[in-house]
Amino acid sequence: KAGVTQTPRYLIKTRGQQVTLSCSPISGHRSVSWYQQTPGQGLQFLFEYFSETQRNKGNFPGRFSGRQFSNSRSEMNVSTLELGDSALYLCASSLDMDGYTFGSGTRLTVV
Amino acid sequence: QKEVEQNSGPLSVPEGAIASLNCTYSDRGSQSFFWYRQYSGKSPELIMSIYSNGDKEDGRFTAQLNKASQYVSLLIRDSQPSDSATYLCAVKRGYGQNFVFGPGTRLSVLP
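Chains B and W, in that order, are what the protein sequence lines are. If you use the numbering used here, the first sequence corresponds to residues 1 to 111, in order. If you use the numbering used here, the second sequence corresponds to residues 1 to 111, in order.
Note that these hints are calculated values from the structure, not bench results. From a predicted model like this one, the values you see are computed outputs, not experimental measurements. Glycine included, each C-beta is placed from N, C-alpha and C at the ideal position. One thing to keep in mind: the hints can contain errors.
[What the hints assert, rightly or not] So the derived label-pair ranges between C-beta atoms look like this:
#1 Gly62/B to Glu15/W: 48 to 56 Å
#2 Thr14/B to Ala68/W: 48 to 56 Å
#3 Ser70/B to Pro14/W: 50 to 58 Å
[Said to hold, decoys possible] If we take Cβ atoms under 10 Å as the criterion, some of the chain B residues that face chain W in the derived model are:
#4 Gln37
#5 Phe45
#6 Arg55
#7 Pro61
#8 Leu90
#9 Tyr100
#10 Thr101
#11 Ser104
So here's chain B without its partners, still in its complex pose (with noise of 0.2 Å):
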């Protein structure tokens, strides 16, 4: 069974770009929630959604957004990307009260 698949795997922007990460589940799995990981936070929750919807919402500005369309593949953007913004970023899919299964990640670095 395929596992969770995100691309790409790493990513060079400047400052003010826009970039958009993709993260395709594990076939089944209608839970996709997507973290930002970094040496000094840890794994920090940005959005999760389920069927399209966004159920749940992390702390993060609305510089972050993500989408999930019907085959449950989903989208993050970032807009107007800062320095701080250089991180892992994490796709996870899950049959809810399952544990996540995380993808390989996208590695951004913001120059």
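The hints should help you fit chain W onto chain B, whose structure is shown.
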């Protein structure tokens, strides 16, 4: 008080010893508890889940849950150098709720 706390590391144990990792959580309504292992440069992988008070064993790993004390732990028996990683505790309140992760404890198993 942070929602999920873990004993600060790094934790160093000799090969063959028992490693004990601890986690406390603040939300008494939490229902599901998970332990993830994250190797450096990799994404977290689920190693144990526990939902009821008591012990749950899986190979060399034992998860222990005490909801009254709001405490969950992970014991690793016969620790191996390959167990050297950061261990993340995650807690979920219930259906439709997002996971909350602790900051992680870095474990080093010394040959």
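Inset, instruction - Go through the numbered hints given earlier and state which of them the structure violates, listing their numbers in rising order. - result: 7
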